[in-house]
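Student: Using the sequences and the accompanying hints, generate a full structural model.
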Amino acid sequence: MKKRSNAPFFWLMFGAGGMLSALFGTALVIITGLATPLGIGLKTDFMAYPRMLAFAQNFIGKGFVMVVITLFAWHAAHRIFHSLHDVGIHSGTVAKLLCYGSAFVMTVIAAYSLLGIGF
Amino acid sequence: MKPQANAEGVRRNPPYVRPMAGWWTRNPFFVRYMVREVTAVAVWVYALVLTFGVLRLSQGEAAWNGWLEAMKSPASIVLHLVLLLGMVLHVHSWFEIMPKTMAPIIVGGERVSASRIQRTGWTVAVVVTLLVLALAVGSQS
Amino acid sequence: MAEPTQTIEIQVLRYRPEEETEPVWQSYQVPYTEDMSVLQGLQYIKDEIDGSVSFRWSCRMAICGSCGMMINRKPSLSCQTFLRDLAPGPVKVEALDHLPIERDLVVSVQPFVKKLESIKPYIIPKVKRELCEGEYLQTPAQLEKIEQFSSCINCMLCYAACPQFGLNPEFTGPGVLALLHRYNEDSRDGGREQRMEILNAEEGVWSCTAVGYCSEVCPKGVDPANAVNQNKINSALDYFIRFLPKKGA
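Residue numbers (my numbering), protein chains in the order written: chain U, 1 to 119; chain D, 1001 to 1141; chain B, 2001 to 2249.
Derived from the structure by calculation, the hints contain no laboratory data. Some clues are possibly wrong.
Computed spacing ranges between beta-carbons, pair by pair [unchecked claim]:
{"hint": "1", "chain 1": "U", "residue 1": "Gly39", "chain 2": "D", "residue 2": "Arg1119", "range": "45 to 53 Å"}
{"hint": "2", "chain 1": "D", "residue 1": "Ser1139", "chain 2": "B", "residue 2": "Leu2244", "range": "40 to 48 Å"}
{"hint": "3", "chain 1": "U", "residue 1": "Gly41", "chain 2": "B", "residue 2": "Thr2139", "range": "53 to 61 Å"}
{"hint": "4", "chain 1": "D", "residue 1": "Val1137", "chain 2": "B", "residue 2": "Ser2118", "range": "36 to 44 Å"}
{"hint": "5", "chain 1": "B", "residue 1": "Lys2126", "chain 2": "D", "residue 2": "Val1137", "range": "52 to 60 Å"}
{"hint": "6", "chain 1": "D", "residue 1": "Phe1029", "chain 2": "U", "residue 2": "Gly118", "range": "49 to 57 Å"}
All of these numbers come straight from a predicted model, not from anything done at the bench. Where a beta carbon is used, it is the ideal one built from N, C-alpha and C, also for glycine.
Tutor: Okay, here's the thing in structure tokens:
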């Protein structure tokens, strides 16, 4: 009897995160990493504390940020783990812990922070 | 490995197994595959940047402003240009492989072609990107 | 046929297990005409220059699947690859990637054959059918679902193409999984459940990372990448649905 793989859960996270990042990743990188800091297209106070706090306290905003961080992280972890295998790094357990572990840590920190911000 | 003698007493080396090291460098198709896979690093780094951001946001105004200042640094700008490239490559390669991951879609008695699926995906991504950017600009008033 | 006026260099990766511990390149000058395939070039070498060169071939028309080899680093059928397209050369010919070389261009195929046999590659009827009920009827649409996947000639080019198989020879692999999909999708077949175990294993669909080169090199348009990746969805559904109570429970 061949052992059933547990890959499906991680693969679904990979797929969801891949789709989300394909649709939203470009715009988000532009907004948070380029447009706002440089003041191009957006004012430099676009992400000022009061505005961002309100966004993160809002149910939808909170959910959006949580979903983005979580799915981006788990998508990347899954792909990076398999890429390590592709280039000859096969230490299964250590590689798994580092890759999926980092996604787990990001998920926990994001959840903790977003809950801490309150509603 | 020393050759083993077979039934006729002839010494013969075993079937030769070629090493896999560097396999992806030996074919342009595989190089493109690796570029696709490496876009995950961009997604990972950006998730990390956002995680830090949300952490700093939860730590109060001073912490948040520190994060905002860090995002203005030349190093951060350069990083985000690289992340942007990674994201765009990800969008391209994601929809490029998408038809392979789907069961056939029959519309009007004919199977929807792979290129139609790819073009649709790209179009949706561009539309969503523009919508989000427009939303951001619009929300400033 | 016109007398050959051109020659091309064909380099063959030789491996004689009774003489060598490692393969070694050997070069041949081959006169060729516009209509000659790489297979014909090899046959010229064997007939006229060096009778010791070993390679598989049979039909010469891309249907038997015997003559698969790496030609300039691409898994190809040598009967369907033409010297005129590779001129001015040199043409580098070696045994199919990822498979152990037994001699020269001959690879070990037994593991592949065993995998083919393991997936139950035959119609498992949904319901026992008596002879007097006549033949199964199939609509053109039902045939279309399986036709491309049934076109496989077992040439193993997809295994030479697949780096995941190269990294892990336990991977069931593109060709075998395409055949499995062919039977699952056949309207006459009811054996899906019995084949799930193979799909669900780590060496089943979950070793695939959608490189897609298998479908690129397939000489018959089988699209094994699609067969494998469609079944990731099926396997994932099977993974989660097993927790739901079965009908009638």
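Student: Evaluate each hint against the coordinates.
Tutor: Quick rundown of the hints versus the structure:
1. Distance hint for Gly39(U) and Arg1119(D): a CB-CB separation of about 35 Å, inconsistent with the stated range 45 to 53 Å.
2. Distance hint check: the CB atoms of Ser1139(D) and Leu2244(B) are about 43 Å apart, consistent with the given range 40 to 48 Å.
3. Between Gly41(U) and Thr2139(B) the beta carbons are some 55 Å apart, a value that agrees with the proposed interval 53 to 61 Å.
4. Judged by the Cβ atoms, the range 36 to 44 Å given for Val1137(D) and Ser2118(B) is violated: they are separated by roughly 58 Å.
5. Between Lys2126(B) and Val1137(D) the beta carbons are some 58 Å apart, a value that agrees with the proposed interval 52 to 60 Å.
6. Checking the proposed 49 to 57 Å range against Phe1029(D) and Gly118(U) shows it holds: the Cβ atoms sit about 51 Å from each other.
Violated hints, in rising order: 1, 4; the structure is consistent with all others.
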